[in-house]
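**Q** Next come the chains, spelled out residue by residue.
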Amino acid sequence: MFSLTEESTVRSDRSPSDERELVEQAKRDPEAFGLLYERYVAQIYRYLYYRTGNPQDAEDLTARTFYRALEHLPRYQERGLPFTAWLYRIAHNIVVNWQRDRRRRPVIALDQVVTYAGAEGDPQGALEEQEEREQLLRAFRRLSPERQELLILKFVEGMSNAQIGAIMGRSEGAIKSLYHRTLLELKKNLEGTEDGGARSNPGPDQ
Amino acid sequence: MEEQEATLVRISERLQQLLVPVEPPPAFARSLKVELIKAARRRQERAHRLRRILLVGAAIAGSVASVAGVTAFLLLRRRARAHPPVVVG
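Residue numbers (our numbering), protein chains in the order written: chain H, 1 to 206; chain B, 1001 to 1089.
Hints are not guaranteed to be accurate.
The calculated label-pair distances, taken between Cβ atoms and stated as ranges, are [said to hold, decoys possible]:
{"id": "1", "chain 1": "H", "residue 1": "126", "chain 2": "B", "residue 2": "1023", "range": "19 to 29 Å"}
{"id": "2", "chain 1": "H", "residue 1": "181", "chain 2": "B", "residue 2": "1017", "range": "17 to 27 Å"}
{"id": "3", "chain 1": "B", "residue 1": "1006", "chain 2": "H", "residue 2": "125", "range": "36 to 46 Å"}
{"id": "4", "chain 1": "H", "residue 1": "191", "chain 2": "B", "residue 2": "1021", "range": "20 to 30 Å"}
{"id": "5", "chain 1": "H", "residue 1": "145", "chain 2": "B", "residue 2": "1059", "range": "44 to 54 Å"}
{"id": "6", "chain 1": "B", "residue 1": "1027", "chain 2": "H", "residue 2": "129", "range": "25 to 35 Å"}
{"id": "7", "chain 1": "B", "residue 1": "1074", "chain 2": "H", "residue 2": "27", "range": "22 to 32 Å"}
{"id": "8", "chain 1": "B", "residue 1": "1021", "chain 2": "H", "residue 2": "188", "range": "24 to 34 Å"}
A few chain B positions that, by computed beta-carbon distances, are all more than 12 Å from chain H [stated by the list, open to error]:
{"id": "9", "residue": "1002"}
{"id": "10", "residue": "1031"}
{"id": "11", "residue": "1055"}
{"id": "12", "residue": "1065"}
{"id": "13", "residue": "1083"}
Calculated from the structure, these hints are not laboratory results. The model shown is predicted, which means the values in this text are computed figures rather than measured ones. Even for Gly, the Cβ is constructed at its ideal location relative to N, Cα and C.
Put together the whole structure using the sequences plus the hints.
**A** This is the structure:
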């Protein structure tokens, strides 16, 4: 049902020893750090893009993530998890602090997030579809950071439950179960939104 | 139950349409790479400088210690010659 994207297939082709070697090299060699950055920048950017809701903040936090990675890399030790798990932890901590600083969650600029393609020549249908997307996005934003992370890794990165488990430090079964609970929560949120939407026009998140 | 499962499948399909991969702007990605490599080089140079300072410091400390050792040895020997031990008997 959730096939791997071309990019993630390429990613899974990289052997752990290849990654380990590059990480060790990057501790000593700035150029190798550049290669490491090139390998993961898109993933981290996408993750932060969906966590923050806009490209400017995603860029800012991506830069902060890699600067912090550079600072802490000499002390990084591989403990059986992929290197991306470490990068995602850094990005997660940075976005959590950023959200705390802002004291409110940003609203996703929908037109920038979704390439809208549908209901051509049917303005009413297009409007309804747009409204549906906005509702789903609002419901997504209300999820806990952990559940948002799971959905980003699953849908944006096209990862399998096993790959997500490796990054989030959980078993494949635990991820499957968390995913099911996340869908149930989304369903509940959407039902609430639809009821609320019938009464009044919903405002921006928080 | 079946109805709920169908709803969840529908939600997951909608999520797939919503959460599409996006790419960082190429200009941003390039300039960040350049900045990071510069920062990595600065860190490396700082580390080399620190290592050199520690090495030179250790060498100076070693030299001072050996000069002090030789000086102490010579002073003790001179004192021993000036005041030879008294032999009784």
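**Q** Confirm or reject each hint.
**A** Each hint tested on the structure:
1. H:126 with B:1023: 19 to 29 Å: Hint holds: Cβ distance 25 Å, inside 19 to 29 Å.
2. H:181 with B:1017: 17 to 27 Å: holds (22 Å)
3. B:1006 with H:125: 36 to 46 Å: violated (22 Å)
4. H:191 with B:1021: 20 to 30 Å: Once the Cβ atoms are compared, 29 Å apart, the range 20 to 30 Å for residue 1021 of chain B and residue 191 of chain H holds.
5. H:145 with B:1059: 44 to 54 Å: holds (52 Å)
6. B:1027 with H:129: 25 to 35 Å: Given range 25 to 35 Å: holds, Cβ gap about 32 Å.
7. B:1074 with H:27: 22 to 32 Å: violated (49 Å)
8. B:1021 with H:188: 24 to 34 Å: holds (27 Å)
9. 1002: holds (14 Å)
10. 1031: violated (9 Å)
11. 1055: holds (18 Å)
12. 1065: holds (31 Å)
13. 1083: holds (58 Å)
Consistency note: the structure conflicts with the earlier hints numbered 3, 7, 10.
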